[in-house]
Amino acid sequence: MSQRDFKDALYEQFARIGHAMSSPKRIELLELLGQGEKSVDALAAHADLPVKNTSAHLRVLRQARLVERRREGTYLYYRLADDKVIHFLKEMEELGRIRLAEVERVTNTYLRSRDELEPVTFGELRRLLKRAEITLIDVRPRDEYRAGHIPGAISVPVAELRDHLHKIPKGREVIAYCRGPYCVYSVEAMALLRRRGYRARRVENGIPEWRALGLAVAIGE
85 MSQRDFKDAL YEQFARIGHA MSSPKRIELL ELLGQGEKSV DALAAHADLP
135 VKNTSAHLRV LRQARLVERR REGTYLYYRL ADDKVIHFLK EMEELGRIRL
185 AEVERVTNTY LRSRDELEPV TFGELRRLLK RAEITLIDVR PRDEYRAGHI
235 PGAISVPVAE LRDHLHKIPK GREVIAYCRG PYCVYSVEAM ALLRRRGYRA
285 RRVENGIPEW RALGLAVAIG E
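In my numbering, the protein residues as written are 85 to 305.
For the record, the hints were derived by calculation from the structure and aren't laboratory data. For glycine and all other residues, C-beta sits at the position ideal for the given N, C-alpha and C. Fair warning: there could be bad hints in the mix.
As the list claims (entries may be wrong) - Calculated lysine-lysine pairs in the DSSO-like style (CA-CA distance at most 27 Å, straight line): (1) Lys168 x Lys109; (2) Lys254 x Lys214; (3) Lys168 x Lys91; (4) Lys109 x Lys174; (5) Lys109 x Lys136; (6) Lys251 x Lys214.
Claimed, not checked - What follows is a set of in silico ranges between Cβ atoms, one per label pair, in the way DEER data are often shown: (7) Gln97 x Arg210: 35 to 45 Å; (8) His248 x Ile303: 19 to 29 Å; (9) Arg210 x His103: 35 to 45 Å.
Based on the sequences and whatever the hints tell you, model everything.
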């Protein structure tokens, strides 16, 4: 093998990753799988895609060895191939935030225009949890909560929040978290809580970032 053949063969393999990441929907599917294993049907519902299209995107991600799958009866379940995939995804998002002004503009337009308060950092959150001064709520779907959540958090999916407000004490600040820095669930939860008279803030990141720091994650209910 010549030097040229070696380089061409090597970069062709690296390009498989680039091809897999070239679709916005495939990036979103990886973000969803960063919360835990999901069926094709669940991924399609969360990503607002037809099941057929979702399967096609997952096939590309699997060919690039970014995801793995298992079969249970007639259902296929997908998961990230390993933790390095979510690390790569977060590095890509951070590079996009730094290099692409449009990322900041879109974020400001949707997220920050709805929340003038600074989000809670993990450092502050850990201090508040240690002093038992807050009520921490996980507003993701329950299956994602069961797959892994911040210890001490209670599961209140944003779609059910209005019906469960009576379970959340008003005498303490409520802090909500969801999937990550661009997840809208915590923004919606925070807006509802504030309208109902709660002191509420959101966490700036989610479970993938929490895991990446090596912090403890609770599994199950």
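Now for the hints, and whether the structure bears them out:
no.	hint	in the structure
1	Lys168 x Lys109	holds (20 Å)
2	Lys254 x Lys214	holds (19 Å)
3	Lys168 x Lys91	holds (24 Å)
4	Lys109 x Lys174	holds (16 Å)
5	Lys109 x Lys136	holds (13 Å)
6	Lys251 x Lys214	holds (21 Å)
7	Gln97 x Arg210: 35 to 45 Å	holds (40 Å)
8	His248 x Ile303: 19 to 29 Å	holds (22 Å)
9	Arg210 x His103: 35 to 45 Å	holds (39 Å)
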